[in-house]
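If you read the protein sequences in the order shown, they are chains Z and R. Residue 1 is where the first sequence starts when you use the numbering used here, and the numbers rise one by one after that. Residue 1001 is where the second sequence starts when you use the numbering used here, and the numbers rise one by one after that.
By construction, these hints were calculated from the structure, which means they are not laboratory data. The structure displayed is predicted, hence computed values, not measured ones. Think of the CB as a built atom: it goes at the ideal place given N, C-alpha and C, for glycine as much as any other residue. Don't take every hint at face value.
[What the hints assert, rightly or not] So the derived label-pair ranges between C-beta atoms look like this:
| hint | chain 1 | residue 1 | chain 2 | residue 2 | range |
| --- | --- | --- | --- | --- | --- |
| 1 | R | D1074 | Z | D127 | 49 to 59 Å |
| 2 | Z | E45 | R | Q1082 | 32 to 42 Å |
| 3 | Z | E101 | R | G1133 | 13 to 23 Å |
| 4 | R | V1037 | Z | E109 | 52 to 62 Å |
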Amino acid sequence: MERLDFLRELGNIGIGHATTALSEMLQGKLLRLVVPDARILPFEEAAAYIGGLDEIVAGIFMQISGDVTGHMAFILPIESARTLVELLTQRHGTDEEIFDELGRSALEEIGNIMITSYLNALSALTDLVMSPSIPALAIDMAGAVWESVLAGALVDEAVTIIRTDFSADGVDIGGNIVLLPDEEEFQKIEHALGLEDF
Amino acid sequence: MQEVFVNMGEIRALARTGVLTTVGLGSCVGVALYDSVAQVGVMGHVFLPTARRRNETVDMPGKYADTAIPALIDEAVRLGAQKRRLWAKLAGGANLFPNLTTSNGNIGSQNIKAVLENLALHDIPVVGQDVSGSHGRKMRFFVEDGRVTVTAIGKEPIDI
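Pulled out of the complex, with its shape left as it was, chain Z reads as follows:
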């Protein structure tokens, strides 16, 4: 198996669990469409990877500890974040009203559930422990969120990204989950799955 195929498959399994958890949280409102992507990008290309740098996004960021260490982020356009928070809290209003303390903690919880279920799927598959920290949320320019995620994870050379886009029928929601393992950490995952021989 090619390394990127393997990473893509890993992303696929992770997002499967994450979107199921999210659907349940929203009383089955979401249907999922999964577009997994795995890449090893040179640093120079990493900046542009996230898209429109001055568009506003919500980013939920966590550190992973345990057998495999690294960071994970869940990044979604502000409109999608708003729709999710509205669905979850049954409230409507301006951006300021929606993203008050209650709205922000709802969004953190959504990120928490997405990332934790993604990690649980990987843990079950590999028998390796991966524990997320408490989630941190930023609502800001995409470029600022993205570079803070990369710098926070100390990713300064080639960037290994497992990204999974999803969208939902009926409600317009998109976003992506990015897994940034520390250096050498992928080898542990591959080892656990006996993939070195491929």
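Could you slot chain R onto chain Z? The hints should help.
Below, chain R alone, put in the same frame as chain Z:
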């Protein structure tokens, strides 16, 4: 007017006219160096304080504060600036995730500190800055007169 974008780790320069722009500064620090006599401006988008591996600095000196500052000066001089006339303006170095306690610490404040130290090492005065806090910034540097405008979501633009 020509607008040149400066991405993470890059260094860009212009003479006489045009604007150098970094979009979405988070924990990174945007560094503008200017010589008003020569009307030469250079801008860097510093990602981390220093390289974790020594060999890494060669391909992209603009990534790290300790290699970016000398590279920015060299680039300004190459375009006709004089080192003794250069001043600096800074923006960025925020901590967008203040609630996250990670083993890597607050990268934004580490970046600011490293940039200031390296500028001091070369006797370059800092004449304006809008740094730290917990919000992203967009920085535009007008090479005609050295004006730097910083914008952030939900805030009035400011000149530094």
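Handout entry: Whether the CB-CB distance between E45 of chain Z and Q1082 of chain R falls inside 32 to 42 Å
Key = 35 Å, holds
Problem - Verdict for D1074 of chain R, D127 of chain Z (Cβ pair) under range 49 to 59 Å - result: Holds, at about 52 Å.
Problem - Cβ distance range 13 to 23 Å for E101 of chain Z and G1133 of chain R, holds or violated - result: 19 Å, holds
Exercise for the section: Evaluate the given range 52 to 62 Å for the C-beta pair formed by V1037 of chain R and E109 of chain Z. Expected result: The hinted range 52 to 62 Å holds for V1037 of chain R and E109 of chain Z, with Cβ atoms some 56 Å apart.
Hint violations for this structure: none, all hints satisfied.
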